[in-house]
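Guided by the hints, dock chains G and X onto chain F, whose structure is given.
Residue numbers (our numbering), protein chains in the order written: chain F, 1 to 337; chain G, 1001 to 1642; chain X, 2001 to 2210.
Quick caveat, the hints were computed from the structure, so don't treat them as lab data.
These numbers were taken from a predicted model, which means no experiment stands behind them.
C-beta atoms are modelled at their ideal positions from N, C-alpha and C, and glycine is treated no differently.
Each hint should be verified, as a subset may be incorrect.
Partner residues are not named here, just some residues of chain G that face chain F (Cβ under 8 Å, in silico) [stated by the list, open to error]:
#1 V1047
#2 V1051
#3 R1289
#4 R1389
#5 P1461
#6 T1466
Covered stretches of chain F (in silico footprint by chain G; criterion: 3 or more residues with CB under 8 Å from a CB of chain G, positions within the stretch not fixed) [claimed, not checked]:
#7 55–61
#8 139–153
#9 173–181
#10 235–248
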Amino acid sequence: MRRGSGKSPQRRLALPIAAVALLALAGCAGDAPSTLNPAGYGARRVEGLWWLLFWISVAVFVEVMALLAWALLRRRGPRTRVRHGDPTRFVAVAGAGLPLVLLVTVYGFGLRDLAALGDQPDQPAVTVEVTGHKWWWEVRYAGSAGATANELHVPVGEPVRVRLRTADVLHSFWVPQLMPKTDLIAGRVNETWLRAEKPGRYRGQCAEYCGLQHAHMALQVVAEPRGDFDAWLARLSSDAPAPRTEAERRGLTVFERSACAACHTVRGTSANGTAGPELTTVGSRWSLGAGTLPNDRGHLGGWIVDAQNSKPGNAMPPQPVPAADLPDLIDFLQSLK
Amino acid sequence: MSAVAERRPDAEPESVHRLTEHWGEAPTLRSWFSTVDHKRIGRRYLVTAAVFFTLAGISALALRAQLARPEARLLSPQEYNQLFTMHGTAMIFLFATPMLFGFGNFLLPLMLGSRDMAFPRLNAFGYWVFLFAGVVMWASLPAGAAPNGGWFAYVPLTEREHTPGAHLDVYTLGLLFLGISTTAGAINFIVTALKLRAPGMSLNRVPLFVWAMVATSFMVLFALPALNLANALLFLDRRFGTHFYDPGAGGSVLLWQHLFWIFGHPDVYIIVLPALGIVSAIVPTFSRRGIAAYPLVVLSLVAIAIISFGVWVHHMFATGLPQLSLSFFSAASTVITIPSGIQMFAWLATMLLGRVVLRVPLLFVIGFIVTFVIGGVTGAMFAITAFDRQVTDSYFVVAHFHYVLFGGAVFPILAGLYYWLPKFTGRLFSERLARWAFWLILVGMNVTFFPMHLSGLLGMPRRVYTYPAGLDWDPWMALSTVGSYLLAVGLLLVLVGIGHALRRGPVAPADPWGGDTLEWTTASPPRPYNFAVVPEVFSLHPGWDERTRASIADGATGERILADGRRTPLTSELDGRYERPAEMPEQSVRPLLAAVGLLVAVVALLFGWYPVAGAGALLLAVTLAAWLWPALPGATEARVAR
Amino acid sequence: MTEALIASPDGGATGPAALATELPRGRSPGWWGMLLFVTTEATLFAVLLGSYFYLRFQAAAQWPPPRTGPPELTLPLVMTALLLPSSLPVIWAEHGIRRGQRWRLRLGLALTLLLGLAFVGLLLMEYDEKLASLTVTTDTYGSLFYVVTGFHGLHVTVGLLMLAWLLAASTGGRLDARRHEPVRLVAMYWHFVGAVWVAVLFTVYLSPRL
Chain F
1 MRRGSGKSPQ RRLALPIAAV ALLALAGCAG DAPSTLNPAG YGARRVEGLW WLLFWISVAV
61 FVEVMALLAW ALLRRRGPRT RVRHGDPTRF VAVAGAGLPL VLLVTVYGFG LRDLAALGDQ
121 PDQPAVTVEV TGHKWWWEVR YAGSAGATAN ELHVPVGEPV RVRLRTADVL HSFWVPQLMP
181 KTDLIAGRVN ETWLRAEKPG RYRGQCAEYC GLQHAHMALQ VVAEPRGDFD AWLARLSSDA
241 PAPRTEAERR GLTVFERSAC AACHTVRGTS ANGTAGPELT TVGSRWSLGA GTLPNDRGHL
301 GGWIVDAQNS KPGNAMPPQP VPAADLPDLI DFLQSLK
Chain G
1001 MSAVAERRPD AEPESVHRLT EHWGEAPTLR SWFSTVDHKR IGRRYLVTAA VFFTLAGISA
1061 LALRAQLARP EARLLSPQEY NQLFTMHGTA MIFLFATPML FGFGNFLLPL MLGSRDMAFP
1121 RLNAFGYWVF LFAGVVMWAS LPAGAAPNGG WFAYVPLTER EHTPGAHLDV YTLGLLFLGI
1181 STTAGAINFI VTALKLRAPG MSLNRVPLFV WAMVATSFMV LFALPALNLA NALLFLDRRF
1241 GTHFYDPGAG GSVLLWQHLF WIFGHPDVYI IVLPALGIVS AIVPTFSRRG IAAYPLVVLS
1301 LVAIAIISFG VWVHHMFATG LPQLSLSFFS AASTVITIPS GIQMFAWLAT MLLGRVVLRV
1361 PLLFVIGFIV TFVIGGVTGA MFAITAFDRQ VTDSYFVVAH FHYVLFGGAV FPILAGLYYW
1421 LPKFTGRLFS ERLARWAFWL ILVGMNVTFF PMHLSGLLGM PRRVYTYPAG LDWDPWMALS
1481 TVGSYLLAVG LLLVLVGIGH ALRRGPVAPA DPWGGDTLEW TTASPPRPYN FAVVPEVFSL
1541 HPGWDERTRA SIADGATGER ILADGRRTPL TSELDGRYER PAEMPEQSVR PLLAAVGLLV
1601 AVVALLFGWY PVAGAGALLL AVTLAAWLWP ALPGATEARV AR
Chain X
2001 MTEALIASPD GGATGPAALA TELPRGRSPG WWGMLLFVTT EATLFAVLLG SYFYLRFQAA
2061 AQWPPPRTGP PELTLPLVMT ALLLPSSLPV IWAEHGIRRG QRWRLRLGLA LTLLLGLAFV
2121 GLLLMEYDEK LASLTVTTDT YGSLFYVVTG FHGLHVTVGL LMLAWLLAAS TGGRLDARRH
2181 EPVRLVAMYW HFVGAVWVAV LFTVYLSPRL
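Isolated chain F, as found in the complex (with noise of 0.2 Å):
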């Protein structure tokens, strides 16, 4: 046992570049929205503060246990002899000035990136407005008379303004490969910024707890080419496409004339509820109950029938549709793109 406690030291230390070697690994690999792969502005700066500290953290770490290897392996056993001096200036200087130099320069960096994150374009390309609900996102535009949900379009490359409010309770928006955190406050508006600096589809979810389903509060972003984001944009504002087929037809009236009306907008329909998400293009979104399920027919059939079941407590009751109207539901659902 003895000589085994001895040598544990050296082996922890092991565990800093185990690390290393995992969060290499973890920045690399593919589908997580990681804060160590990086897409926009912000979350890049804040990649590089991270690995400024996590190098001095490791610097820290060694050199503490160095200290405490040593006391371990080399202060042991009977002939060692206690020292009685009092090595008050080793503390002081170790313990008190080494930290407070490393500290400072920490800080002075953390400044620099502060200031960076809190510097607001002063013209934004794109301004979105965000509002957090028991639990999901609803999103506008500024000059927009649409809305989405759970859904960000922004023009890669481009500085966008998002002004955030709450409807309820705190939430708190973050994409993690984008830009840190911002809370929504009740009774505030506060503004964040973020760039994407690569296309591509990044995950956010909402990390301020904010009760029964905080764990099924997310978003995506979806960056894209000018030209994309302008046709995506004036898609949200024009009103729904009329119904194509006898389906999708038969499946409007099932829309109007059942409960979902009261609560749910399509526009350019009778439709104009507003206790849940607007629906004029839940087609083409990516998911269904702001991350809970894929939005495919399957799940939509199963979402409309018992939202209760994959998303316990959100506000949309079990929906009693004929099963004969369903497929018609769906059909019209699913052509709102």
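For chains G and X alone, kept in the frame of chain F given last:
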């Protein structure tokens, strides 16, 4: 060394006989309810806090089981949210602080060479209140009405509109109730350390654990009012429709966050400082020399206590406050790591200059150093605002504060448990079993919490009851779960080891480790009066000091024997000069009655039975009036100190 | 040592060691305990009044809200004139009992008790008048007004209970020239309650007019 302690009873049988008569407690049921002995109360704190720790730990195991794989349906979101809230709330409020107060209660008078705390009955009252508050809060869990707003209970989620039902009323009332106990304990610790030190123990001879308890107690007195106010206002908002946190009527939701963190950040140090004090008590004993740079360590304890009140906003870096205030609080949060650095290097220097004896308590201290350094460096990261905003409220912060709180508090608590177990129980424990426990805990702890750094960096938010597959979070979550069960086995071994020691352990001598503080100069466990002769202190290390040891053995004057009555000397605040003997109160059921009065009031408020609450308050008031009633002159019963 | 051994346990109160117990040498644990208790209570009031100002200054609109208007000053000033001087009889009483003059103790305490009761009575009068237009549920200003003044009023009430208790305890020779620590401690609490009133007066009644 221990021969001195054993010889004592024969040397002065007469005064010892009378001390036993005055201080001894009959092993009756009544004395179980009426005891004011700080050692019994201290042990109760330890046991009760350990029970709450076990409950909170089992809650965590349930959470880990749910998170072991994506989209699991083991727990409903309602259950998950109550369990994670109770896990955090109980670990912070019902385990960490009470556990360390248990150490303080048992050890402070012994380390100071006193016969009890300054206010023994207040001490008993504090324990009962703690017990009742904990029971009320835990009882809400099986009723499905446990707090579910997270341990910091942000409004407006916790307002009635968004969380109806008893959940948050249990939280606000429970914590207000508990706060009475914590405040009473803090006052008691400070006054004990100021007035009840053995003659000769000037401030520069006070053990570091005592300094740490005093610093913590001062922080409690200045920090807890903010939490109490926050909770009182939330209760009024929820129950009586006031608008403190309602932005629609002129209130502010950020007021809650400011109030909570003005308490909440100091509270981290309220928990960690006594734990650091335990480390400072153990390291010298197993390095066979005094602590290095004692004045710097004291200074750093005081500095932490002060600076910690200037860092609360770093919990609010993402709320959209002005940049200037962010930079200020970022600087303060950076600076506060320095006093911890000083202590770290004081321990290292002590070991490097001494002769290290690797017994079990030191093993756990080493576990503390390894994990606390990791928690410390990630803590410094959180002081940097830009980085904080990326990883706050993610699993990275969960990893960080478990390294700080498990590393910085639980490891020292375990080290302290093993170190003082002979003193608490009079039994020695199996070191083999304890070493097994240590390795399981160290490995389990790191396997549980280290991967959380990665899940956080990979973008996983905290407090989610489930998560989708395919985001690279699954392997780390699964690994965490494996680690948590390993950790649980290790902790179970600690329990087994203590049980084994109690049943089969060899009888402990007065000083099994060769410790330097006064508790090792008296029997294990100490007699009800602690010291037959109150020691006279000549150095910072009275246990290693021949003159102090001699002062206990012979040549004692009457003012240090004080065998006629329940008495202990009062000394001056700064230099520990002898002033006069204090009459210590005898046992009484009134502390229990007063606590019952409070319990009735709290439960009645919870259910809205206001007349009953009034009756509870009346019971409390009448009990207090009788408790503090001055004795007639000449009555044999000593006047109550408070 | 011999002195202490001579004094028998039952005769403790008359023995030399017992005499020493009561002589006011140094600050007593009770004094420190009360000081710390008052300190943490003062912190509580500081945080409460801090919250008042925080809410006031983050409210963009006029303070107090226009429909309420600034609070009347006459009654609070009368209340101040009752509460602040009510500390004097306590001081007088404490000095009296130190010299063994129990009549001074009782008279002083009774006087303070009356002044304190009058204070609480006037506070209730003010509530009675005000409740018609402003309640705790009206808005944040109403919540603050009643909770700040009510919380202070609660402290005055507790102080009054302590005074009444002390008055009752002063019978039968329980308090005399040597044993009077409770008087000192209750006095500390009462002075504290008065001092807090000054802060409450400034915050709730005067600051809206600044």
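Of the numbered hints stated previously, which ones are contradicted by the structure, given in increasing order? 1, 2, 8, 10
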